[in-house]
Amino acid sequence: MIETQDLGKQFHDFMAVDGVNLSVQPGQILALLGQNGAGKTTTVRMLTALLQPSRGWARVAGYDVVKKGHDVRASVGVLTEQHGLYMRMTAIEYLDFFGQVYSLSPSARKMRSENLLDYFGLAEAAKRRIGEYSKGMRQKLALARAMMHEPGVLLLDEPTSAMDPESARLVRDEIARLKSSSRTIVICSHNLTEVEALADKIAIIYRGRILIQGSLDELKRQVLGAPEYEIKFAEAWDARGVQLPHGVETVSVTPTSLKVRVEAPGDANPQLLKSLSTVSAPLLAFQEETRTLEQVYLKVMAEAKGREYVQ
Amino acid sequence: MSSKLRPVLLVAWRELRDQLRDWRVLMPMVILTLSFPFLMNEFAKQTVDFLNQFNANLIIDRLVPFSIMIIGFFPITISLVVALESFVGEKERGTIEPLLSAPFDDWQLYFGKLLVGVATPLIASYLSIGLYLIMVSRQGIALPSFSVMVQLLLLTTAHAVLMVSAAIVISVQSTSVKAANLLASFVVIPVAILMQGEAVMLFWGNEQVLWLAVVGVLIIALLLIRVGIAHFQREYLLGREIDTLNFHWMWRTFWRNFIGGAASLWDWYGRVLRDSLRRILPALAFTLLIAGVSAWLSYAWVMDNVSDTISKASPESLSRFEESLGELPDLSSLDGKLNASFLFLNNTRAVAVIFLVGMFSFSVLGVLIYMLNIGLIGGLYALFELLGLQPLPLFMAGVAPHGIFELPALMIGSAVVLYIGAAIVTPQTGKSMGEVILELMADWAKLFIGLVVPLLAIAAVIEAYITPGILLSVIGAG
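Chains A and B, in that order, are what the protein sequence lines are. Under this note's numbering, the first residue of the first sequence carries the number 3, and numbering increases by one thereafter. Under this note's numbering, the first residue of the second sequence carries the number 1394, and numbering increases by one thereafter.
The following block holds chain A by itself, in its conformation from the complex (with noise of 0.2 Å):
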């Protein structure tokens, strides 16, 4: 598990990382979102025991990172911005190397790689010079690297970036049998989409500081409000006499349809429809409004910009 407390990081008069608080648990993926420069890669590395924290502490593994740096390296598998692969090593060997590294026996390194390779797609490749690998190949690799040694906490910067579809596909399902097999694991990523695909808990950080951060269901009600849900009729309806139950406010009307806000949707959501059953016009479509990650983030980055800006 990963737990941090007002974790800080600064290089002469800048402020890398500014009082961060996480707290990750096993079978848990933090993704940490913000823009280039933010704090992510300097928050990983000190998760990495690269970095010493100016101020606060981290526990990684359950080593703390400052006093046991060793062992918060040998429990943790880290991808890093670039993909830190020796171009004139094989696949295998390389793998080979990082196994020696973290202590596995002939037998497990062989085993391992021999795994990742082959789950990966790498494993026609294998004894081919990475310096020939493309883009997407030597990112595999470098993920195939970080999982080497099975570690109980997984860090991964851009974990699919460069790759085709499919290879991002089995990337992503990769990380969701580590998730599901107890490791802890945090993301830095763009990806959005993905990110709402993996994450349990998504943090946003901007100038070192993490504005927000919670579950994406959390961060839409934080961000955005109460879930909107659009009613559609098949022609024109009457709202005169719909009483709508408590809970449920009008966003917008048209004569074909209704809009509302509904604060908590699983209690409200059964009386909003019996209430519009009474009306005459048929029901044509009751849906919610998507709600994406990208409009939580956005909006939250548009409001530190404009506090910013205020002051």
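Hints are computed from structural coordinates only; laboratory data are not their basis. Even for Gly, the Cβ is constructed at its ideal location relative to N, Cα and C. Among the hints, a few may not be true.
[Stated by the list, open to error] Each computed DSS-like pair below joins lysine-lysine, with the alpha-carbon atoms no more than 25 Å apart:
hint : chain 1 : residue 1 : chain 2 : residue 2
1    : A       : Lys-307   : A       : Lys-222
2    : A       : Lys-70    : B       : Lys-1824
3    : A       : Lys-203   : A       : Lys-301
4    : A       : Lys-276   : A       : Lys-261
5    : A       : Lys-70    : B       : Lys-1397
6    : A       : Lys-261   : A       : Lys-301
7    : A       : Lys-112   : B       : Lys-1397
8    : A       : Lys-222   : A       : Lys-181
9    : A       : Lys-69    : B       : Lys-1397
10   : A       : Lys-112   : A       : Lys-129
11   : A       : Lys-234   : A       : Lys-222
12   : A       : Lys-234   : A       : Lys-261
13   : A       : Lys-69    : B       : Lys-1824
14   : A       : Lys-307   : A       : Lys-203
15   : B       : Lys-1824  : B       : Lys-1571
[What the hints assert, rightly or not] Quick partial rundown of chain A residues pointing at chain B, CB under 8 Å, derived from the structure:
hint : residue
16   : Tyr-88
17   : Arg-90
18   : Val-103
Take the given structure of chain A and dock chain B to it, following the hints.
Quick look at chain B alone, frame taken from chain A:
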């Protein structure tokens, strides 16, 4: 222990394998290793033919050892690129982060790089030397003695360790390969100059001095390794991206440490300077010890050697010596002619030189100059004794009045250099090497401006206007 060393070998083996696959490293190394012995052999042959015309047998004898030293040196300079690239090259290629994220201790990573950095040039050097020796022996030219051969191989090894350890320090501290390669001249040129000195010793044929050179080079190499490990920080390898000289930051860091937040001059003397002085106290104690040892050594050396020379000297030599003594300036003529500003500038320059040479040699050369200065007192004391003079009253009159101020100034000036040398080779967490050096320079400046300069100024005034009078009165009384 073997589990601790395993990562070192792992890092080294991977790096070595990478090098052996890089023709840009391999080809120059192979060409130099194999071709240079032939060139050197041809050069030696021509030189021997030429010198035989003049019966310059001594030079011919020394030519082969000299050639061995040169042959051993060249592959090291080419292989230096491997050491220079060791960290900064990985950083530039983006491969450093996975390596730094691995469960290695800092020293394991460092020694892995150092091992391969030293091993590659040494293998090339030894091969080159071996090839040359085969060629020389086939021509019937006498090979150097066994002890000289051992010295030459050790000297080559010491050069490799020295250059590679310096190159790795550069590699860790540089932000780009380009910067590291530019800084390589700070390794190659001093070692080339050092080799000129060693070549002189080789032609001189003094094996004892050559052994001292081997030991000296190895000590500096070990200190460089220590500096490298002390200032190896994963954070700085990842953190710094660009090569810029930030004069504003440098000045601010220096000034902040120099002023130390003092509110007034009184506060600066009472708190900031006192703190700096307290920090150098162990070094000051050591400097005092060195003073005692060097004074005693020079006293003993003069007593042994000069008295021996006097006893063995011919009557003619003695009379010539007496004549030259008669030509010594009349001490009474010095009264009033010694200029205080000249004395002050001369002594201040001496302390500044101790600092400058100390900074570039982990304080070793600075301390040597200090020892020479103190040694002069012991030597002079012994000489006076041998000449039948009363040294103690002479010293009390001629040295003590200004020495009370001058010697502490010299000791503080030397102790701070010793402290700087020790601090540079000590790990300083959370600080870059640049920050550490700037802080140390601020410490030196504080002590130099706040204590050494005032003490030397007082000493100069006393030496110019009071000491001659006291000395003359003592000599007159004598």
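Structure-based check of each hint:
A threshold of 25 Å between alpha carbons decides the hint, and for Lys-307 of chain A with Lys-222 of chain A the separation of about 19 Å falls inside it, so the pair holds. Between Lys-70 of chain A and Lys-1824 of chain B the alpha-carbon distance is near 20 Å, which keeps this suggested pair within the 25 Å criterion. For the hint pairing Lys-203 of chain A with Lys-301 of chain A, the CA-to-CA distance comes to about 18 Å; that is within 25 Å, so the pair holds. Distance hint between Lys-276 of chain A and Lys-261 of chain A is fulfilled; the C-alpha atoms sit about 16 Å from each other, no more than 25 Å.
With a C-alpha separation of about 17 Å, the suggested pairing of Lys-70 of chain A with Lys-1397 of chain B holds against the 25 Å cut-off. Between Lys-261 of chain A and Lys-301 of chain A the alpha-carbon distance is near 21 Å, which keeps this suggested pair within the 25 Å criterion. Our distance criterion of 25 Å between C-alpha atoms is met by Lys-112 of chain A and Lys-1397 of chain B, whose separation comes to about 23 Å. A C-alpha spacing of about 23 Å is found between Lys-222 of chain A and Lys-181 of chain A, which places the hinted pair at or below 25 Å, so the restraint holds.
Taken as a hint, the Lys-69 of chain A and Lys-1397 of chain B pair is honoured in the structure, with Cα atoms around 19 Å apart against an allowance of 25 Å. Restraint check for Lys-112 of chain A and Lys-129 of chain A: the C-alpha separation of about 13 Å stays at or below 25 Å, so the hint holds. Distance restraint check for Lys-234 of chain A and Lys-222 of chain A: the Cα-Cα separation of roughly 24 Å lies within the 25 Å cut-off, and the hinted pair is therefore satisfied. Only pairs whose Cα atoms come within 25 Å are accepted, and Lys-234 of chain A paired with Lys-261 of chain A is accepted, the gap being roughly 9 Å.
Using a Cα cut-off of 25 Å, the hinted pair Lys-69 of chain A and Lys-1824 of chain B holds, with the two alpha carbons roughly 18 Å apart. For a cut-off of 25 Å, the pair hint linking Lys-307 of chain A to Lys-203 of chain A stands: about 23 Å separates their Cα positions. Proposed proximity of Lys-1824 of chain B and Lys-1571 of chain B is supported: the alpha carbons are some 24 Å apart, at most 25 Å. With 8 Å as the threshold, the beta carbon of Tyr-88 of chain A comes within range of chain B, its nearest partner Cβ sitting at about 6 Å, so the hint holds.
Interface hint at Arg-90 of chain A: satisfied, since its Cβ lies 4 Å from the closest Cβ of chain B, which is below the 8 Å cut-off. With its C-beta approaching chain B no nearer than about 5 Å, Val-103 of chain A sits inside the 8 Å limit, and its interface hint holds.
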